[in-house]
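Spelled out, the chains give:
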Amino acid sequence: MSWDTMVPVALVLGLFGLVILVLLWPGERQGRRLLRRWGVDHPSDGDITDAVRYLKRRRFWYPWLFFLLPALGGILGLSKDDSTTAWSVAWTVLIGGLLGEVLALRPARGEHRQASLVRRRVVDLVPAWALVLLGIATAGGVLRYGIGHRWVALGLTVACALVAVVIVALAVERPAAGDPTVDLVLRTRSARVATGLAIAVPSSLPELQMSFPKALVFVLSLVALLAVVGPVRRTAATVG
Amino acid sequence: MSTLRVAIDADSGVAPWRQIYDQIERLIAGGTLPPGARLPPIRQLARDLGLASGTVARVYHELEAVKLVTTGRARGTTVTEPAARKSRTTLLRAEAARFAAYAHDLGVDADTAAGAVRTAYAEMATPDLDGG
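Chains as they are written, first to last, in this note's numbering: chain E, 456 to 695; chain F, 112 to 243.
Keep in mind that the hints are not guaranteed to be accurate.
[To be verified] Derived coverage of chain E by chain F (criterion: at least 3 residues anywhere in the stretch with Cβ under 8 Å from a Cβ of chain F; other residues may be distant):
#1 471 to 482
#2 554 to 564
#3 625 to 634
[What the hints assert, rightly or not] Going by beta-carbon spacing under 10 Å, a handful of chain E positions derived as facing chain F:
#4 Arg568
#5 Asp638
#6 Ser659
[As the list claims (entries may be wrong)] Going by beta-carbon spacing under 7 Å, a handful of chain F positions derived as facing chain E:
#7 Val117
#8 Val125
#9 Gln155
#10 Gly183
#11 Arg186
Since the hints were derived computationally from the structure, they do not count as laboratory data.
Even glycine gets a Cβ: it sits at the ideal position worked out from N, Cα and C.
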């Protein structure tokens with residue numbers, strides 16, 4: 456993609472991101488809905504505040520990322536391969552999630568602090584089968600793009616998996632905030648969204664010739680994405 | 112409100128390690144944390160509560176001293192079986208016997224030795240142990 460086309464694309468995507476930000480900017484209603492979908496049926500005002508802060512920490516970045524990612528791809532020469540444009544949405548959500556988790560690394564403050572006495576492991580946030588799928592999808596993407604000499608797509612596939620792994624690690628390790636049940640729900644959501652996107656990304660690149668096997672893999676990866684990122688209501692019950 | 116959690120109140124005037132210790136002890140005594148239950152790693156609990164690792168390590172050390180938990184490399188810190196636990200009375204008597212022998216060797220009478228214990232208690236910043 457040349458500069459002449461890259462700048463308009465970036466501007467359109469940035470504008471699109473801004474519209475999304477205005478539409479999705481979270482308020483109390485969105486916070487309450489998120490918690491209820493994840494099994495916190497009666498969230499307190501403090502719980503809702505925590506959920507809204509969680510959403511804001513991610514969505515704040517979306518318009519900037521929509522604008523920056525295609526531009527960055529153009530500067531680095533990545534846009535010759537259409538991967539960056541095709542994956543802008545996934546990358547925006549992934550990097551937004553990463554920045555959200557990094558911001559949540561700040562130590563717990565406040566006079567009253569709570570913590571769960573349940574040991575927290577990666578498989579408590581993301582099921583083992585999803586991690587296996589992540590490995591298979593990444594390996595499949597590397598093999599496929601390697602054979603096709605599509606090095607940009609290969610690099611993006613690996614980078615996507617690495618970002619997802621970092622997000623999952625941060626979701627496990629970061630300090631707790633607020634009520635332990637809400638805290639676990641938000642960690643789980645972060646880890647699952649990152650894993651789901653990293654599973655779907657390798658097969659979501661548009662193909663000029665879409666064969667049946669490729670279409671099948673594409674559909675299966677979308678099904679896996681939905682299965683992994685879907686809210687799990689029982690999560691809230693596992694705090695104890 | 113779930114029960115497998117601990118909370119600290121920075122304004123309570125009680126040392127954070129003591130607050131956590133008391134809550135875990137109650138959870139074990141009440142059976143909410145049954146024998147074999149695994150406590151979270153020191154690092155996780157310290158980070159979640161915004162405390163130094165040493166503070167939580169002290170809690171686990173004190174719980175281990177009264178045989179409420181045991182720490183192993185593979186299993187981490189787990190709640191012990193009740194039979195393995197020594198009561199506080201037993202632990203207190205053992206320590207008292209050692210102190211009494213020391214005081215006796217110094218040629219001090221029982222009232223003076225007890226007075227020394229009371230003075231030591233008064234000088235402690237943290238609240239004393241419950242009976243038991």
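Notebook entry, point to check: In terms of beta carbon proximity below 8 Å, does the stretch 625 to 634 of chain E have 3 or more residues touching chain F?
Noted result: holds (count 4)
Checklist line | Residue hint Arg568 of chain E, partner chain F, criterion CB-CB below 10 Å | finding: holds (5 Å)
Item checked: Status of the Asp638 of chain E interface restraint (C-beta, 10 Å, chain F) -> With a minimum Cβ separation of about 8 Å from chain F (threshold 10 Å), the hint on Asp638 of chain E holds.
Note to self: Between the stretch 554 to 564 of chain E and chain F, are there enough contacts, at least three residues with CB-CB distance under 8 Å, for the coverage claim to hold?
What the structure shows: holds (count 3)
Next item on the list: So, Val125 of chain F near chain E? Judge it on the closest CB pair being under 7 Å.
Entry: Hint violated; Val125 of chain F Cβ to chain E Cβ min 13 Å, cut 7 Å.
Margin query: Holds or violated: the hint that Val117 of chain F contacts chain E, with Cβ atoms closer than 7 Å.
Written below: holds (6 Å)
Notebook entry, point to check: Does the interface hint hold: is Gly183 of chain F within less than 7 Å of chain E, judged Cβ to Cβ?
Noted result: violated (14 Å)
Check: Taking the closest Cβ pair, is Gln155 of chain F under 7 Å from chain E?
Finding: holds (6 Å)
Item checked: Verdict on chain F covering the stretch 471 to 482 of chain E, criterion of 3 CB contacts below 8 Å -> Since 0 is below three, the answer is violated.
Checklist line | Hint check, Ser659 of chain E versus chain F [nearest Cβ-Cβ separation less than 10 Å] | finding: violated (35 Å)
Note to self: Let's test the interface hint: is any C-beta of chain E closer than 7 Å to that of Arg186 of chain F?
What the structure shows: violated (11 Å)
Checked against the numbered hints above, the structure breaks hints 1, 6, 8, 10, 11 and satisfies the rest.
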